[in-house]
Amino acid sequence: MTTKRKQPEKALKLYKDDKAYMQMLLEALSLDESEEADINKGVIKAVLDKYDEVIDCAENDKPFIASWFAYAAEIFTAMGVPWWMFPQTAFLGIEAPHVQDDVDGSERLLGSDFCTILRLSLYYVEADMSPKPSACIALLHPCDGTVVVHQAIKTGKWHDVPIFGADPPYWEDERSYEYYANELRRMVGFITEHTGYTMDIDRLREVCEESNKEYALWQEYNELRRVVPCPHDWTIGPPQCFAMATFYYPGKPGGVEWFKKLIANAEKRVKAGVSGVPGGERIRVLWFDILPLMWQFDIQPWLEAEWGVNMVMNMFGYTPYEQIDTKNEETMFRGLAKRSLAEYPMIRQARGVADHFLSDIERIVKDYSIDCVIWPGHMGHKDGSASIGMMREKCREIGVPFLHIGLDLFDKRYTSVEDVKDIFSRFFSAAGLGQK
Amino acid sequence: METKVKSKVLQQFQEATETIVNAELKKWLDQGGKVMGYFCSYGPEEVITAAGMVPIRMRAIGSTGTEMADTYMSNINCSFCRNCFNMGLTGEYDFVEGLVWLNNCDHVRRIYDNWKRKVKTPLTHMMSLPKMTAEAQVEWFHDELVIFKEALEKHLGITITDKKLWDAIKLHNETRRLLKQLYELRKKDNPPITGAEALAVVVASTAMPREQFNQMLKELLGELSEAEGISDYRARLMVIGSILDDPAYIKIIEDVGGLVVTDSTCFGTRIFWTGVDEGESDPITALARYYIQDKPACPRMFDTQPKRSKYVSDMIKEFKVDGVIGERMIFCDLWTGELFMLNKDMKSTGVPFLQLDREYITAGAGQVRTRAQAFLESIGR
Ligand code: SF4
Ligand code: SF4
Numbered sequence: 179m180t181t182k183r184k185q186p187e188k189a190l191k192l193y194k195d196d197k198a199y200m201q202m203l204l205e206a207l208s209l210d211e212s213e214e215a216d217i218n219k220g221v222i223k224a225v226l227d228k229y230d231e232v233i234d235c236a237e238n239d240k241p242f243i244a245s246w247f248a249y250a251a252e253i254f255t256a257m258g259v260p261w262w263m264f265p266q267t268a269f270l271g272i273e274a275p276h277v278q279d280d281v282d283g284s285e286r287l288l289g290s291d292f293c294t295i296l297r298l299s300l301y302y303v304e305a306d307m308s309p310k311p312s313a314c315i316a317l318l319h320p321c322d323g324t325v326v327v328h329q330a331i332k333t334g335k336w337h338d339v340p341i342f343g344a345d346p347p348y349w350e351d352e353r354s355y356e357y358y359a360n361e362l363r364r365m366v367g368f369i370t371e372h373t374g375y376t377m378d379i380d381r382l383r384e385v386c387e388e389s390n391k392e393y394a395l396w397q398e399y400n401e402l403r404r405v406v407p408c409p410h411d412w413t414i415g416p417p418q419c420f421a422m423a424t425f426y427y428p429g430k431p432g433g434v435e436w437f438k439k440l441i442a443n444a445e446k447r448v449k450a451g452v453s454g455v456p457g458g459e460r461i462r463v464l465w466f467d468i469l470p471l472m473w474q475f476d477i478q479p480w481l482e483a484e485w486g487v488n489m490v491m492n493m494f495g496y497t498p499y500e501q502i503d504t505k506n507e508e509t510m511f512r513g514l515a516k517r518s519l520a521e522y523p524m525i526r527q528a529r530g531v532a533d534h535f536l537s538d539i540e541r542i543v544k545d546y547s548i549d550c551v552i553w554p555g556h557m558g559h560k561d562g563s564a565s566i567g568m569m570r571e572k573c574r575e576i577g578v579p580f581l582h583i584g585l586d587l588f589d590k591r592y593t594s595v596e597d598v599k600d601i602f603s604r605f606f607s608a609a610g611l612g613q614k
Numbered sequence: 575m576e577t578k579v580k581s582k583v584l585q586q587f588q589e590a591t592e593t594i595v596n597a598e599l600k601k602w603l604d605q606g607g608k609v610m611g612y613f614c615s616y617g618p619e620e621v622i623t624a625a626g627m628v629p630i631r632m633r634a635i636g637s638t639g640t641e642m643a644d645t646y647m648s649n650i651n652c653s654f655c656r657n658c659f660n661m662g663l664t665g666e667y668d669f670v671e672g673l674v675w676l677n678n679c680d681h682v683r684r685i686y687d688n689w690k691r692k693v694k695t696p697l698t699h700m701m702s703l704p705k706m707t708a709e710a711q712v713e714w715f716h717d718e719l720v721i722f723k724e725a726l727e728k729h730l731g732i733t734i735t736d737k738k739l740w741d742a743i744k745l746h747n748e749t750r751r752l753l754k755q756l757y758e759l760r761k762k763d764n765p766p767i768t769g770a771e772a773l774a775v776v777v778a779s780t781a782m783p784r785e786q787f788n789q790m791l792k793e794l795l796g797e798l799s800e801a802e803g804i805s806d807y808r809a810r811l812m813v814i815g816s817i818l819d820d821p822a823y824i825k826i827i828e829d830v831g832g833l834v835v836t837d838s839t840c841f842g843t844r845i846f847w848t849g850v851d852e853g854e855s856d857p858i859t860a861l862a863r864y865y866i867q868d869k870p871a872c873p874r875m876f877d878t879q880p881k882r883s884k885y886v887s888d889m890i891k892e893f894k895v896d897g898v899i900g901e902r903m904i905f906c907d908l909w910t911g912e913l914f915m916l917n918k919d920m921k922s923t924g925v926p927f928l929q930l931d932r933e934y935i936t937a938g939a940g941q942v943r944t945r946a947q948a949f950l951e952s953i954g955r
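Heads up: the sequence lines are chains A and B, in that order.
If you count by this note's numbering, then the first sequence holds residues 179 to 614, one letter each, in order.
If you count by this note's numbering, then the second sequence holds residues 575 to 955, one letter each, in order.
Each hint should be verified, as a subset may be incorrect.
Unchecked claim - With a straight-line Cα cutoff of 20 Å, these simulated SDA-like cross-link-like pairs (lysine to any residue) come out:
{"#": "1", "chain 1": "B", "residue 1": "918", "chain 2": "A", "residue 2": "339"}
{"#": "2", "chain 1": "B", "residue 1": "884", "chain 2": "A", "residue 2": "334"}
{"#": "3", "chain 1": "A", "residue 1": "191", "chain 2": "A", "residue 2": "208"}
{"#": "4", "chain 1": "B", "residue 1": "690", "chain 2": "A", "residue 2": "571"}
{"#": "5", "chain 1": "B", "residue 1": "694", "chain 2": "A", "residue 2": "571"}
{"#": "6", "chain 1": "A", "residue 1": "335", "chain 2": "B", "residue 2": "797"}
{"#": "7", "chain 1": "A", "residue 1": "590", "chain 2": "B", "residue 2": "650"}
{"#": "8", "chain 1": "B", "residue 1": "600", "chain 2": "B", "residue 2": "884"}
{"#": "9", "chain 1": "B", "residue 1": "918", "chain 2": "A", "residue 2": "337"}
{"#": "10", "chain 1": "B", "residue 1": "690", "chain 2": "A", "residue 2": "333"}
{"#": "11", "chain 1": "B", "residue 1": "690", "chain 2": "A", "residue 2": "534"}
{"#": "12", "chain 1": "B", "residue 1": "692", "chain 2": "A", "residue 2": "533"}
{"#": "13", "chain 1": "B", "residue 1": "692", "chain 2": "A", "residue 2": "334"}
{"#": "14", "chain 1": "B", "residue 1": "881", "chain 2": "A", "residue 2": "339"}
{"#": "15", "chain 1": "B", "residue 1": "692", "chain 2": "A", "residue 2": "575"}
{"#": "16", "chain 1": "B", "residue 1": "690", "chain 2": "A", "residue 2": "570"}
{"#": "17", "chain 1": "B", "residue 1": "692", "chain 2": "A", "residue 2": "531"}
{"#": "18", "chain 1": "B", "residue 1": "921", "chain 2": "A", "residue 2": "333"}
{"#": "19", "chain 1": "A", "residue 1": "335", "chain 2": "B", "residue 2": "881"}
{"#": "20", "chain 1": "B", "residue 1": "918", "chain 2": "A", "residue 2": "240"}
{"#": "21", "chain 1": "B", "residue 1": "694", "chain 2": "B", "residue 2": "603"}
{"#": "22", "chain 1": "A", "residue 1": "572", "chain 2": "B", "residue 2": "644"}
{"#": "23", "chain 1": "A", "residue 1": "194", "chain 2": "A", "residue 2": "223"}
{"#": "24", "chain 1": "B", "residue 1": "918", "chain 2": "A", "residue 2": "286"}
{"#": "25", "chain 1": "B", "residue 1": "690", "chain 2": "A", "residue 2": "533"}
{"#": "26", "chain 1": "A", "residue 1": "188", "chain 2": "A", "residue 2": "223"}
{"#": "27", "chain 1": "B", "residue 1": "884", "chain 2": "A", "residue 2": "337"}
{"#": "28", "chain 1": "A", "residue 1": "240", "chain 2": "A", "residue 2": "186"}
{"#": "29", "chain 1": "B", "residue 1": "692", "chain 2": "A", "residue 2": "568"}
{"#": "30", "chain 1": "B", "residue 1": "792", "chain 2": "B", "residue 2": "650"}
{"#": "31", "chain 1": "A", "residue 1": "572", "chain 2": "B", "residue 2": "691"}
These are calculated hints, taken from the structure and not from any lab test.
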């Protein structure tokens, strides 16, 4: 099936530039022959593969779709349909030179109190900076922003791109999983209709089995992060595991290999008692949100050097994922529906009742010997910010200090770097944490 | 700007908007009647009525601050929610027997989590409202309505029969028909009622026993049909947005000469422009279809914007609207997105458009006045 779409020139150029940026990072890393560098290289290679796939589809008019991580990408893998995730550019080239201008551009569309990452997704479409897919899968949870952004996409520049939404129920019970499994089946039909790719249930079984291995390995790795000191810092592990299992290699063999390398390295470090934080780990933090990728050169090194902070666990690194039961089509779709509604990070906490915020905090604090919980208060996370009282009370109950900052994870100008450092310093001092 | 009619009923409606427990509601409570609050225009008031209670739309009018709520929510939460939850914490909603929420927006659904932990209300119930409007969603919401009905039956020790449901549907449809008649009068070149006054009427419809309301509105309609119309306005305006329940806000705009003749808000046409189909065989299915498919949708329903866009353009024609004001509660993502799309629509059709951000409690009247004035000038009035 050919798509006969005219691709915006700007989008292809941007994708190629971003790819070149990632390529440059890879080259810089190749000077480092350590195992840790090798793990990072594995992720960057996966990113580059994704860029190649999308650029190839866009240049050669092959079908591909735009979607989000929260749609059980095992389905895409099983169907063999190429896909990319909406805010890919912003996430991956987050420190790339153009991102700040893009943030400004997105503010002109939706103002400054609408989640930056979501408004970037709309901005990239409106500004012809996203490759135009054959079809688009809209995300309708966990927040209000997703619902309206996809309506804006549909009624705007991509009015001629077919768009699909799966309706997410509020509850997490068998009735909801069954309902959402049907929504996922509808999605399969939609993808076939607009791309020509079809679903083979035996293939889905193979993919789910492979994916189960990845998730099992991820869990094994997470056990190793419980050790004090934690064998890796925030840069290795949680964000990468999430990206590999849910986005780059969902149910693909490359994923399993990568996870094995990660575990082998962590085991070695645990045996040798090596801390992920070079100067020694003095504060074990649960960073309860998306990691502050945009701040990686400003805050993270400072937190490590000044306070001995290790973000031992974050919202994206830990979820009690269930294995997909591969008995038959029903059980697989039910498992994928449950994963989509109740397991993927952020969706799990923010879509339905607020209870997961609390039970996750409680479990992670206990399992990972956490010294303090930080809710960054990303300006997009309205539901979480309306849950700060509950989180604070939970932390008080289990005897762990809680900090709510109030920042934009994707724009350092919202709360300045200096202000954030000051907030951290005052908090750690008051809690008596991190003293040398 | 005011109507020429000196109506006692209108005054009662206006008073009803200024307080949570208005005179009619107080009478009901004094007689031992029960009241149940709901948080969104998707709240199925008919089921509450069928259970023998008075449904009231939750508001925070008269709130004097958010100090207590701010311990639980943050400054990026919609001020309606913070004020409303604050009133829960200070006990001002202690008179309600129950509350029902829908996961209508990120802010409101978290009031539920906080409320059930911090405020002692005998019955709290959450309903899962779909975000799409196909048949599968009608079926889903049908089941949610059954679960809600059963929760009320259990709590009150009653049976809600189909007859009770049909009676409630007829009663609420009557309210909708009467409100629509009121709006018909606003289509005239010289409407007999201002936008601020009309808003008071609609708010009152969500705040008092419906039988009384319907009676009173019939009386008002009689008075208005003979009233002299308003002619001293500069332009006819339509207001679009979410929870706008304060007539004082509209009055600021009307005081500079912009007569608000219609709207698409949660305390406006979207709650009464269509009715529940009384020809359906089963009342719960009728209600599910109304809330999911027939009621004019708000932006939280995916893929409904083109329909809303047509709804707005039809209104503009029918009510001879000269300009549109889009109002958005600060931090409300649903309406940020919606107004972005609306702005584009208005540009393409050439209808003058003004976007106003606001907080729930009307403040900064000067700023609204200045912007409204400038807007009227920009449209040449
Ligand atoms: S905007 Fe929609 S979701 Fe929000 S209160 Fe109004 S009807 Fe409900
Ligand atoms: S104004 Fe927006 S954020 Fe506030 S309650 Fe309504 S829909 Fe929710």
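Consistency of the hints with the structure:
{"no.": "1", "hint": "B:918 / A:339", "verdict": "holds (19 Å)"}
{"no.": "2", "hint": "B:884 / A:334", "verdict": "holds (16 Å)"}
{"no.": "3", "hint": "A:191 / A:208", "verdict": "violated (25 Å)"}
{"no.": "4", "hint": "B:690 / A:571", "verdict": "holds (15 Å)"}
{"no.": "5", "hint": "B:694 / A:571", "verdict": "holds (18 Å)"}
{"no.": "6", "hint": "A:335 / B:797", "verdict": "violated (50 Å)"}
{"no.": "7", "hint": "A:590 / B:650", "verdict": "holds (17 Å)"}
{"no.": "8", "hint": "B:600 / B:884", "verdict": "violated (41 Å)"}
{"no.": "9", "hint": "B:918 / A:337", "verdict": "holds (14 Å)"}
{"no.": "10", "hint": "B:690 / A:333", "verdict": "violated (39 Å)"}
{"no.": "11", "hint": "B:690 / A:534", "verdict": "holds (16 Å)"}
{"no.": "12", "hint": "B:692 / A:533", "verdict": "holds (14 Å)"}
{"no.": "13", "hint": "B:692 / A:334", "verdict": "violated (43 Å)"}
{"no.": "14", "hint": "B:881 / A:339", "verdict": "holds (18 Å)"}
{"no.": "15", "hint": "B:692 / A:575", "verdict": "holds (16 Å)"}
{"no.": "16", "hint": "B:690 / A:570", "verdict": "holds (17 Å)"}
{"no.": "17", "hint": "B:692 / A:531", "verdict": "holds (15 Å)"}
{"no.": "18", "hint": "B:921 / A:333", "verdict": "holds (14 Å)"}
{"no.": "19", "hint": "A:335 / B:881", "verdict": "holds (18 Å)"}
{"no.": "20", "hint": "B:918 / A:240", "verdict": "violated (32 Å)"}
{"no.": "21", "hint": "B:694 / B:603", "verdict": "holds (18 Å)"}
{"no.": "22", "hint": "A:572 / B:644", "verdict": "holds (17 Å)"}
{"no.": "23", "hint": "A:194 / A:223", "verdict": "holds (15 Å)"}
{"no.": "24", "hint": "B:918 / A:286", "verdict": "holds (13 Å)"}
{"no.": "25", "hint": "B:690 / A:533", "verdict": "holds (12 Å)"}
{"no.": "26", "hint": "A:188 / A:223", "verdict": "violated (24 Å)"}
{"no.": "27", "hint": "B:884 / A:337", "verdict": "holds (16 Å)"}
{"no.": "28", "hint": "A:240 / A:186", "verdict": "holds (15 Å)"}
{"no.": "29", "hint": "B:692 / A:568", "verdict": "holds (10 Å)"}
{"no.": "30", "hint": "B:792 / B:650", "verdict": "violated (42 Å)"}
{"no.": "31", "hint": "A:572 / B:691", "verdict": "holds (12 Å)"}
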